[in-house]
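My request is simple: use the sequences and hints to build the entire structure.
Listed here are the chains, written in short residue letters.
Protein chains: 2
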Amino acid sequence: MCERKTDYAFEMACSNIRYGAGVTREIGMDLQNMGARNVCLMTDRTLSQLPPVGVVLDSLTKHGVKYKIYEDVRVEPTDKSFKAAIDFAKQGHFDVYVAVGGGSVIDTCKAANLYASHPEAEFLDFVNAPIGKGKPITATLKPLIAVPTTAGTGSETTGVAIFDFENLKAKTGIANRALKPTLGMVDPLHTLHMPSRVAANSGFDVLCHALESFTALPYYLRSPCPSNPINRPAYQGSNPISDVWARHALKIVAKYLKRAVRDAGDVEARSSMHLASVFAGIGFGNAGVHLCHGMSYPIAGNVKTHRAKGYNVEHPIVPHGLSVVLTSPAVFAFTANMCPERHLEAAQILGTDVSSIKKDDAGRVLADTLRSFLYDLEVEDGLSSIGYTKEDIPSLVKGTIPQERVTKLSPRAHTEEDLTALFAASMKLY
Amino acid sequence: MCERKTDYAFEMACSNIRYGAGVTREIGMDLQNMGARNVCLMTDRTLSQLPPVGVVLDSLTKHGVKYKIYEDVRVEPTDKSFKAAIDFAKQGHFDVYVAVGGGSVIDTCKAANLYASHPEAEFLDFVNAPIGKGKPITATLKPLIAVPTTAGTGSETTGVAIFDFENLKAKTGIANRALKPTLGMVDPLHTLHMPSRVAANSGFDVLCHALESFTALPYYLRSPCPSNPINRPAYQGSNPISDVWARHALKIVAKYLKRAVRDAGDVEARSSMHLASVFAGIGFGNAGVHLCHGMSYPIAGNVKTHRAKGYNVEHPIVPHGLSVVLTSPAVFAFTANMCPERHLEAAQILGTDVSSIKKDDAGRVLADTLRSFLYDLEVEDGLSSIGYTKEDIPSLVKGTIPQERVTKLSPRAHTEEDLTALFAASMKLY
Ligand SMILES: NC(=O)c1ccc[n+]([C@@H]2O[C@H](COP(=O)([O-])OP(=O)(O)OC[C@H]3O[C@@H](n4cnc5c(N)ncnc54)[C@H](O)[C@@H]3O)[C@@H](O)[C@H]2O)c1
Ligand SMILES: NC(=O)c1ccc[n+]([C@@H]2O[C@H](COP(=O)([O-])OP(=O)(O)OC[C@H]3O[C@@H](n4cnc5c(N)ncnc54)[C@H](O)[C@@H]3O)[C@@H](O)[C@H]2O)c1
Ligand SMILES: [Fe+2]
Ligand SMILES: [Fe+2]
Numbered sequence: 001m002c003e004r005k006t007d008y009a010f011e012m013a014c015s016n017i018r019y020g021a022g023v024t025r026e027i028g029m030d031l032q033n034m035g036a037r038n039v040c041l042m043t044d045r046t047l048s049q050l051p052p053v054g055v056v057l058d059s060l061t062k063h064g065v066k067y068k069i070y071e072d073v074r075v076e077p078t079d080k081s082f083k084a085a086i087d088f089a090k091q092g093h094f095d096v097y098v099a100v101g102g103g104s105v106i107d108t109c110k111a112a113n114l115y116a117s118h119p120e121a122e123f124l125d126f127v128n129a130p131i132g133k134g135k136p137i138t139a140t141l142k143p144l145i146a147v148p149t150t151a152g153t154g155s156e157t158t159g160v161a162i163f164d165f166e167n168l169k170a171k172t173g174i175a176n177r178a179l180k181p182t183l184g185m186v187d188p189l190h191t192l193h194m195p196s197r198v199a200a201n202s203g204f205d206v207l208c209h210a211l212e213s214f215t216a217l218p219y220y221l222r223s224p225c226p227s228n229p230i231n232r233p234a235y236q237g238s239n240p241i242s243d244v245w246a247r248h249a250l251k252i253v254a255k256y257l258k259r260a261v262r263d264a265g266d267v268e269a270r271s272s273m274h275l276a277s278v279f280a281g282i283g284f285g286n287a288g289v290h291l292c293h294g295m296s297y298p299i300a301g302n303v304k305t306h307r308a309k310g311y312n313v314e315h316p317i318v319p320h321g322l323s324v325v326l327t328s329p330a331v332f333a334f335t336a337n338m339c340p341e342r343h344l345e346a347a348q349i350l351g352t353d354v355s356s357i358k359k360d361d362a363g364r365v366l367a368d369t370l371r372s373f374l375y376d377l378e379v380e381d382g383l384s385s386i387g388y389t390k391e392d393i394p395s396l397v398k399g400t401i402p403q404e405r406v407t408k409l410s411p412r413a414h415t416e417e418d419l420t421a422l423f424a425a426s427m428k429l430y
Numbered sequence: 001m002c003e004r005k006t007d008y009a010f011e012m013a014c015s016n017i018r019y020g021a022g023v024t025r026e027i028g029m030d031l032q033n034m035g036a037r038n039v040c041l042m043t044d045r046t047l048s049q050l051p052p053v054g055v056v057l058d059s060l061t062k063h064g065v066k067y068k069i070y071e072d073v074r075v076e077p078t079d080k081s082f083k084a085a086i087d088f089a090k091q092g093h094f095d096v097y098v099a100v101g102g103g104s105v106i107d108t109c110k111a112a113n114l115y116a117s118h119p120e121a122e123f124l125d126f127v128n129a130p131i132g133k134g135k136p137i138t139a140t141l142k143p144l145i146a147v148p149t150t151a152g153t154g155s156e157t158t159g160v161a162i163f164d165f166e167n168l169k170a171k172t173g174i175a176n177r178a179l180k181p182t183l184g185m186v187d188p189l190h191t192l193h194m195p196s197r198v199a200a201n202s203g204f205d206v207l208c209h210a211l212e213s214f215t216a217l218p219y220y221l222r223s224p225c226p227s228n229p230i231n232r233p234a235y236q237g238s239n240p241i242s243d244v245w246a247r248h249a250l251k252i253v254a255k256y257l258k259r260a261v262r263d264a265g266d267v268e269a270r271s272s273m274h275l276a277s278v279f280a281g282i283g284f285g286n287a288g289v290h291l292c293h294g295m296s297y298p299i300a301g302n303v304k305t306h307r308a309k310g311y312n313v314e315h316p317i318v319p320h321g322l323s324v325v326l327t328s329p330a331v332f333a334f335t336a337n338m339c340p341e342r343h344l345e346a347a348q349i350l351g352t353d354v355s356s357i358k359k360d361d362a363g364r365v366l367a368d369t370l371r372s373f374l375y376d377l378e379v380e381d382g383l384s385s386i387g388y389t390k391e392d393i394p395s396l397v398k399g400t401i402p403q404e405r406v407t408k409l410s411p412r413a414h415t416e417e418d419l420t421a422l423f424a425a426s427m428k429l430y
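As you go down the protein sequences, you meet chains A and B in turn.
The first sequence runs 1 to 430 under this note's numbering.
The second sequence runs 1 to 430 under this note's numbering.
Hints in this document: simulated from the structure, not taken from any laboratory.
Warning: the hint list may mix true and false statements.
The list cannot tell twin chains apart, which means a pair is met if one copy fits it or any two copies do.
Simulated crosslink set (DSS-like; lysine-lysine; CA at most 30 Å straight-line) [what the hints assert, rightly or not]:
{"hint": "1", "residue 1": "K359", "residue 2": "K251"}
{"hint": "2", "residue 1": "K68", "residue 2": "K90"}
{"hint": "3", "residue 1": "K428", "residue 2": "K68"}
{"hint": "4", "residue 1": "K135", "residue 2": "K62"}
Keep in mind it's a predicted model, so treat the numbers as computed, not measured.
Below is the structure:
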């Protein structure tokens, strides 16, 4: 099933990435080369005190580049926080955007650039249907340089911006190739500042991007088959190019994530994870993610009181990477029968000897591999330990339903009962 | 030496690729989506009689797209044949270019688009220095859709156009990101028409793109280190991203090239090689190639009487893939000591058991692996069998000197004496 070939196409849309230790020191020169006269620098209040932003500011000053700074990005942004950034962007009439931060900052900056370039648009116009209107983007956006400081979302490679829609209690987003940053400037030195839990959670995001895009419905089984190529979605299912990225990212996660979490000074491990986040981003940006991400959106959106360790924020949050990884053992146990070879290969890359494992056991084995991986990294023991009870499951299921854009890429079709069972199975992990 | 990390950056510039059996049937719709009103379709006289061009023409007609066809592309183009195509393009005032063919067609079309967009420019203006002036490209080129029919040059992914400069008796080219096609439409069905020797020779090109980019000088050892990022060359040395592409392309070559050459009806093998040519193209487009390619340019340019088997052309040629692969055993024996692990890994991917081989023997082992690979594919026995004698070596060396743009990416520095020895060692292979 997973390997059938048909007369069906896939696209590889790729991103311009510059990678190198210290590479952001040159950013002022890049902005000069672009003729930037009025730059919008977006970040959050933690990063604005740290070297990643300091280095950029020094370079702007050195090269005489004029800028305004917006440091009010909300960690785990909401529709409200997106709108505040959009207002700032509209007033500033900027000609280039620079986002220095994790996914929260980069996504906010993408949205600010988009709506400032479309001043007449209403907020819901570009938000993914069925929640928003999913209208096409017609204006040309301003250039955006993304400088990721987590390892991470891969947002520097994707045309996606995610926010928590507070009324709905679930995340949704804007997905359009036009949002893709002009350049991702990936400077691994910036990741040395991440607190250990940020390294862990953003690393789990990389892990799930890789696992989900690797096991996503193959591109030739996706439906509907668009009659005009212009309608082919960005999330087109797993394909031989995204597979290359996903496998490679998974290998790096297997080798380096534990080291990167345990020792902030392990430059090799943190640098490697930074590159893995780019690889996994390109992979899922072309193939898509599925159930872990689809189910994560209400897990993040329904948060009540959970205070994330190591996150310097005022409001309760479930960090994105944590919200995706907590359901991963249940999800891959559920999907394994559709392409057991890939689930076994993933387990093997993550360090399990699968040589004598039967295909029927692929799901159990990958789930066990993930559980012990998470246990070693001291991850909370399931949804129950971040404040959810059985009574919350109906709302979690309800918040997953509108995430069809991603969940339909699950290799296994699923009902509301299946989702209920997956949330229930994720209440405790160990 | 090969793995030292320094404070140095590399870039990944990527290409938009659409891959799928039958995907060119949609091309008329793409052109309509782009608003094309006057399309230039370039091809050569062999292909113009074959289905790859037929399918495109049918699609243009079906969607009412107006076009003019240019079928005079020279196989292994020259400055003269480039100029003829440029004249056609200038007179046509086209708004979109479509190239259906191998590297010869795609490269010619890139040049035609470039000079038609720069009507005031002289031919040498954009040709690589020191042969040409290497001027920056300032105009915006028209969109170009490349439909590769060989597997192949990877020209659909690169900003490079190569031609034989007849006065110099050596190939040179134009290298600029602006030349990169807007979209590579990779339809593996087209490769089913390749004669066996075209499949072999274009497959050797893939092999050498992968091997050379995998063993190229690492990006952090390249000199000079540009002081402004805008001056970073496209060929920047091997790096962790190009490595992913190179390794993967090599694996496909190892698995499928022989099958693709021996059985034109082996769809799996020919399709896989078509994808490998894309992968290797992205790899070398970012990392560069080195000695096999640098030395191939005079090997092709000095051709006297060699008639390439299976090529339906009037003039003597050494097909590009043959001209690169004939020196490969000598080249990798020469470069191996600079990064023996990579040479051994390549030999292993190509099927040799290297578990008990010492590092010092890496060059010999990879060279032997290549020789037996070429022998199995009935490749001519060295430069002597395509008409060269010892007396020609000084001209071959002389034609290699100006290819510094690529040869400087060799992991091992080399003198004229070294080049002389490499040509001499390539006279006979078996
Ligand atoms: N656009 C996409 O393709 C995509 C993909 C996945 C996730 N996301 C979204 O991205 C967001 C999560 O982003 P994230 O995981 O990168 O984390 P984040 O941006 O939310 O940052 C998490 C915390 O770490 C801090 N931080 C970030 N980098 C730091 C550094 N180098 N040193 C010290 N502190 C640092 C931040 O200030 C913040 O407090 C979520 O909203 C998620 O939905 C987007
Ligand atoms: N731009 C780059 O990045 C790049 C890279 C490598 C090589 N090149 C250049 O590309 C050229 C070689 O291109 P190539 O190897 O693709 O071959 P080609 O374009 O020269 O074609 C070789 C022969 O095969 C025929 N042919 C091609 N496709 C066919 C098909 N599907 N069915 C039947 N016949 C077919 C052609 O008509 C021609 O006779 C050289 O000039 C080389 O220097 C360019
Ligand atoms: Fe994610
Ligand atoms: Fe080549």
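These are the hints, each one checked on the structure:
no.: 1; hint: K359 / K251; in the structure: both (22 Å within a copy, 25 Å between copies)
no.: 2; hint: K68 / K90; in the structure: within (13 Å within a copy, 45 Å between copies)
no.: 3; hint: K428 / K68; in the structure: neither (46 Å within a copy, 66 Å between copies)
no.: 4; hint: K135 / K62; in the structure: between (41 Å within a copy, 29 Å between copies)
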